[in-house]
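All chains should be modelled from the sequences, with the hints used to inform the complete structure.
One letter stands for each residue in the lines below.
Number of protein chains: 4
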Amino acid sequence: MELTDEHLDTLAGLAIEVPSWAYGNSGTRFKVFATPGVPRDPFEKIDDAACVHALTGLAPSVALHIPWDQVDDVDALTRHAAERGVRIGTINSNTFQDDIYKLGSLCHPDAGVRKAAVEHHLACIDVMTATGSSDLKIWLADGTNYPGQDDLRARQDRLTEGLATIYAALAPHQRLVLEYKFFEPAFYHTDVPDWGTSLTHCLALGERARVCLDTGHHAPGTNIEFIVMQLLRLGRLGSFDFNSRFYADDDLIVGAADPFQLFRILAEVVRGGGLEADSGVVFMLDQCHNIEGKIPGQIRSVLNVVEMLARVLCLDTAALAEAQRRGDVLGANQILMDAFYTDVRPRLAQWRTERGLPADPMAAFLASGYQERIERERVGGVQAGWGA
Amino acid sequence: MELTDEHLDTLAGLAIEVPSWAYGNSGTRFKVFATPGVPRDPFEKIDDAACVHALTGLAPSVALHIPWDQVDDVDALTRHAAERGVRIGTINSNTFQDDIYKLGSLCHPDAGVRKAAVEHHLACIDVMTATGSSDLKIWLADGTNYPGQDDLRARQDRLTEGLATIYAALAPHQRLVLEYKFFEPAFYHTDVPDWGTSLTHCLALGERARVCLDTGHHAPGTNIEFIVMQLLRLGRLGSFDFNSRFYADDDLIVGAADPFQLFRILAEVVRGGGLEADSGVVFMLDQCHNIEGKIPGQIRSVLNVVEMLARVLCLDTAALAEAQRRGDVLGANQILMDAFYTDVRPRLAQWRTERGLPADPMAAFLASGYQERIERERVGGVQAGWGA
Amino acid sequence: MELTDEHLDTLAGLAIEVPSWAYGNSGTRFKVFATPGVPRDPFEKIDDAACVHALTGLAPSVALHIPWDQVDDVDALTRHAAERGVRIGTINSNTFQDDIYKLGSLCHPDAGVRKAAVEHHLACIDVMTATGSSDLKIWLADGTNYPGQDDLRARQDRLTEGLATIYAALAPHQRLVLEYKFFEPAFYHTDVPDWGTSLTHCLALGERARVCLDTGHHAPGTNIEFIVMQLLRLGRLGSFDFNSRFYADDDLIVGAADPFQLFRILAEVVRGGGLEADSGVVFMLDQCHNIEGKIPGQIRSVLNVVEMLARVLCLDTAALAEAQRRGDVLGANQILMDAFYTDVRPRLAQWRTERGLPADPMAAFLASGYQERIERERVGGVQAGWGA
Amino acid sequence: MELTDEHLDTLAGLAIEVPSWAYGNSGTRFKVFATPGVPRDPFEKIDDAACVHALTGLAPSVALHIPWDQVDDVDALTRHAAERGVRIGTINSNTFQDDIYKLGSLCHPDAGVRKAAVEHHLACIDVMTATGSSDLKIWLADGTNYPGQDDLRARQDRLTEGLATIYAALAPHQRLVLEYKFFEPAFYHTDVPDWGTSLTHCLALGERARVCLDTGHHAPGTNIEFIVMQLLRLGRLGSFDFNSRFYADDDLIVGAADPFQLFRILAEVVRGGGLEADSGVVFMLDQCHNIEGKIPGQIRSVLNVVEMLARVLCLDTAALAEAQRRGDVLGANQILMDAFYTDVRPRLAQWRTERGLPADPMAAFLASGYQERIERERVGGVQAGWGA
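Chains as they are written, first to last, in our numbering: chain A, 1 to 388; chain B, 389 to 776; chain C, 777 to 1164; chain D, 1165 to 1552.
Calculated from the structure, these hints are not laboratory results. Any given hint could be a false lead.
Listed next, the in silico DMTMM-like pairs over lysine to aspartate or glutamate satisfying Cα-Cα at most 25 Å (straight line) [stated by the list, open to error]: (1) D:Lys1266 / D:Glu1348; (2) B:Lys490 / A:Asp328; (3) C:Lys878 / D:Glu1486.
Just so you have them, the derived chain B footprint on chain A, three or more residues with Cβ under 8 Å [as the list claims (entries may be wrong)]: (4) 53–67; (5) 103–113; (6) 187–198; (7) 210–224; (8) 267–279; (9) 325–332.
Ideal placement from N, C-alpha and C gives every residue a C-beta, glycine not left out.
And the structure:
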């Protein structure tokens, strides 16, 4: 099947949330390489995010990370975003960089540290309220490095208590989204290591607690699309953190490592209603452009998602269902592969032109002079990174 | 700390369930090597299991696998077990060897196949009732080999429906235990691949549905003791299938591949109350003795569990809690390691003697002439294996 | 870039070797499902392989497995192949199904067993000479299941000795190809677990010893195209065993699990001269069609390889080299992805028509009545499988 | 078997090399937590290393990392070490933190960068000559993050050329030790990803090129002791970087994650002659004490190695060989496990006392006041870490 106008209408409704931190410097424990033109503050990050949206038309919101994106005047930042044509999205908390969090935050053995971690989240909710953001995303770096270091079960109980306090502070239109991660930075155990644990806590919290699925946070070989299916089926998929990986949490550009996996994930999203307006599923990027350009990295990511979604829409679902019904293993697989191998790029380029966007957003960016300008203008100050 | 009399009393209450099929032939897709003396029928399997219990005093029950252990007269088999000093334990269903199950059983696209699979489980419940068994264990080989082959979500819905029918047929004192498995024999997706999926179904079924944790059924690197902790915390750990692995579902002798992992798992069992009489946790072995002796393989397994549990009991939990409380990473870890490195073997040998058991059950078996006798007597007929 | 006539000339030279055993039954340790129409002897396997070649024009040779394909009259089998338009390719030895090989073959602690294993290989060389085959492929199931079971180093020394004897028996135009495998059927250690070990033995043997790379025989996450590159660079890549996997040695259809990985592998093949006439690289399939049709499974595999190779040929290598030279990370990656996403299928269909072949070999097979005929005719006898 | 006096004599010859950087701060990409008392310069690192040696008697040398340990007066540092009772060991190069190395060093597409990387190594050789160090250890962070980013094969050729230049500059008594790593910081491919690649380069270089095996640098499930065996067999094992891991390159304390794996590795060391005086195998630690104390972390590591080696020495090798010879799978395994489960700690404590060392080096350190003193004295300046 080919891309139809109806498919393109569906794609027009796609909103990919970009992370403010993707525009800052990032790296590995071995080295963070600095990049010319990198933003010095949240306002400049918003500018870069707005540039990506202007070129792709598909990235209307920007996730913030507190305290990396803490500003004195939140309203000014919110207005700045609006003026640039984007809005503030998910607010991400951070309880892994203050010295008190060395052995954990919400799961820490010390009640004082847990209290500080809860209060940080309450402050994040204030930012949500000020910015109009509806999602509080919690990724915890909590865990241990050595067996015996702490009591796994007591930590779960502490977590339950902390999350309940935070959840209770949300306004009725706000949600808590709990992310899980297989490992790193903790190397023996992670307090929310898998979707089962995240779901367990969400069920205990209430209806507005959802699971965040980061595509890089699983054990080797995990069938991620199965989890997508299951969470959609249970009505508990809150958001994606899209990226890709060959090994661990590599945070590479989404679709770069295993494009067919991205196809299968998006096929389950469509199958499970995740694209529908009321699904409540947020499509966020969470990546590190360690060695490639930050803005180009984000443009590429947005394009990868929309192109792959277009391939999914080309799937002949009626023929597929029929092949599945009759147990035609190879026939059904072939129908799926036919969609994957469809070259949707020319039609999408044309569609962009029809929408007043550049046919080739990457070429348009490179020709725009934007990068040269920020490298020229953003001199002095401290480049944004994970530490600030 | 050393093993105390109180610890030994705790160990005396340990009951390890052995699987009938461990005494039959098993192998890989490449070859099943036959072993002299292997049982030809369920009665002879019971004999071998009784031999293991007689030597160790810790293996009082035998799990059956239907139809491998189907007999004309179930009562006779039950009596045979009682006469040999053991009893029938968990009943395991099998919906992966009939030709109709090529594309699944409870999740199959065809309603007729699903019906047959449900009926097989109802027949298993009849066996439970006849034998006095309280647990129906369901491990499904259901899954697909190729993306698109079937609809992942529809299969979950079919599974929900089939399990509900089976669960409804249980007597009030009977339980359904749902096992999960990462992969194999299906190579793209498995319908119950992880504890989260198993738990989800158990929650939907009711209080008497529990999760079975097979220690070989996880992705590489999975922290299994965390799952043990979580399921105990949620009151949903139904049983263990103990074995060990270096790579996939290798089904080696429990404790053979990574003894420290077994220690950590058992430490969470004790921590979470899994040893207590009312915990409802069944300790079962599920192994394949492909190249080693079957009965010695089971003796070794039983000994490995009890020895490791003894090491866990040596743990100075008060000192550990105190070290954890003060955030003493290395101190806490050292307390755990000290228990692991304690040599409990001499005291356990003495304890066995005190209980009227051989100090060295393996040596006693080798000296007993049992193996020579069954090799001599079990001539003719068809050796038991996975196919019969 | 698009597929050019020159590219198509290159593709016309492609020769994919099919394995005789792909047409027989296969399965897992849990169950081998029988398929109607499966060959009863090597002659019928050749018939099916010839059918695949007739429809695709790209599968002119058939690998045999001894003793599965042992026949009284090898010359008759060779002639039968020629009459059907194919020829006998690689001869694969088998030292894992005789009872004496329970603890190994060339690495076995017992000299008598090692001698038998060597002699089996000498018999295989006789078959090679009779069939005109130039490659002896050795995959050893040798290994151990438990630490301490045998002496890892002594086994290497025994292996060295056995291989040397076999190598010495080869005619000057014959080669020894040594396959490695990460695990299975041995679950603690494998005697040739990785390409480094295989290479080490090949270097010790001589120029006509090469490494066989089975794409399913690596640890999770292994960068297989790197190994392809390295072996081509060292002049020691002897052959591929193509298949695909999500977890372990799943033996799924090549290109089914991670198409982009197949693309990268083939890109390194082209880059390293592996397509050139004198490269000595054999492209073999080694798969198990457990639940899908055997002949369709082979047709799909052949098509997947040629389609992916066509995408590789679309790569703009000049532009890629230039982007790499200037350190343009995303630009270089994009050039690669552009080739991967090129839809080569229509041009290949046309090309097949130009060559007098069906545009759609799969549809042609389904319409041919071949399957119905063999299901009708192949009644009685014993279906071929791994055991015979 | 028990530890004999002969065994203790063997252990007395053990020399574990500690890394200077273990005493500085380290962490993950998320956070480097600072620790009070951490050294500000290489002299203070030597002091801490000397403390570990004074307490254990088994850590007589310190590996340096250039430029982290670059000092104006190398002779002064060498004398400082001698005065503290230790000596300078392996010199580790570093080509991953200068901005020019963003896309590689010895494998970089730009000849100028490659030249700089070679020159850095020549400067390291100068340090070796000045300090009397005999080993230049090269771990390259070189690799790529995205397929197509660079030419895998051209990078190998550049690597070959660079290594040859460096090797040629070594004095006749100096060695080049080439480390391999599965992934990180590069996330698509690593230029020296496995032992096969490292060995290939060593063979091309000459007799004094050896492989460095870091126990954390392998794919999940890799049988590391097999590689140890193979490299010893080939005479190419140059050194260990000991640490342990649950997931990736976690750099935890050696023996902490899987003690039985450490046992098996050391058993192959002993089996292969790696403990003998002329083996040329260097036993180095390479760890990150991110959340635990640095000096206690090193003490624990040294003790773990010696304790595990003591268990290995308890192995009844004659009985093992006999059990292996007769194919007694479980018997042989049991002999191995018996050694592993032997409690060697009391005898080792006594042995330390006999040698004039504290029976419990960890308790002695904690009681010594050393930590309190350095926390008091090391105020001001910049704490050492990976960046300086």
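For each hint, the structure was consulted:
For the hint linking Lys1266 (chain D) to Glu1348 (chain D), the alpha-carbon distance of about 13 Å falls within 25 Å, and the restraint holds. Note on Lys490 (chain B) and Asp328 (chain A): the hinted pairing holds, with a Cα-Cα distance of about 12 Å set against a maximum of 25 Å. At roughly 18 Å between alpha-carbon atoms, Lys878 (chain C) and Glu1486 (chain D) fall within 25 Å of each other, so this suggested pair holds. Counting residues of the stretch 53–67 of chain A whose CB lies closer than 8 Å to any CB of chain B gives 0, which falls below the minimum of 3, so the coverage claim is violated.
Judged by the Cβ-Cβ criterion of 8 Å, the stretch 103–113 of chain A is covered by chain B as claimed, because 3 of its residues qualify and three suffice. Using a Cβ-Cβ cut-off of 8 Å, 8 residues of the stretch 187–198 of chain A lie near chain B, which meets the minimum of three, so the contact claim holds. Three residues within the 8 Å Cβ limit are the bar, and the stretch 210–224 of chain A against chain B gives 6, so the coverage statement holds. Only residues whose C-beta sits within less than 8 Å of a C-beta in chain B count toward coverage, and the stretch 267–279 of chain A has 3 of them, enough to reach three; the restraint holds.
Restraint check on the stretch 325–332 of chain A versus chain B: 5 residues with Cβ-Cβ distances below 8 Å, three needed, restraint holds.
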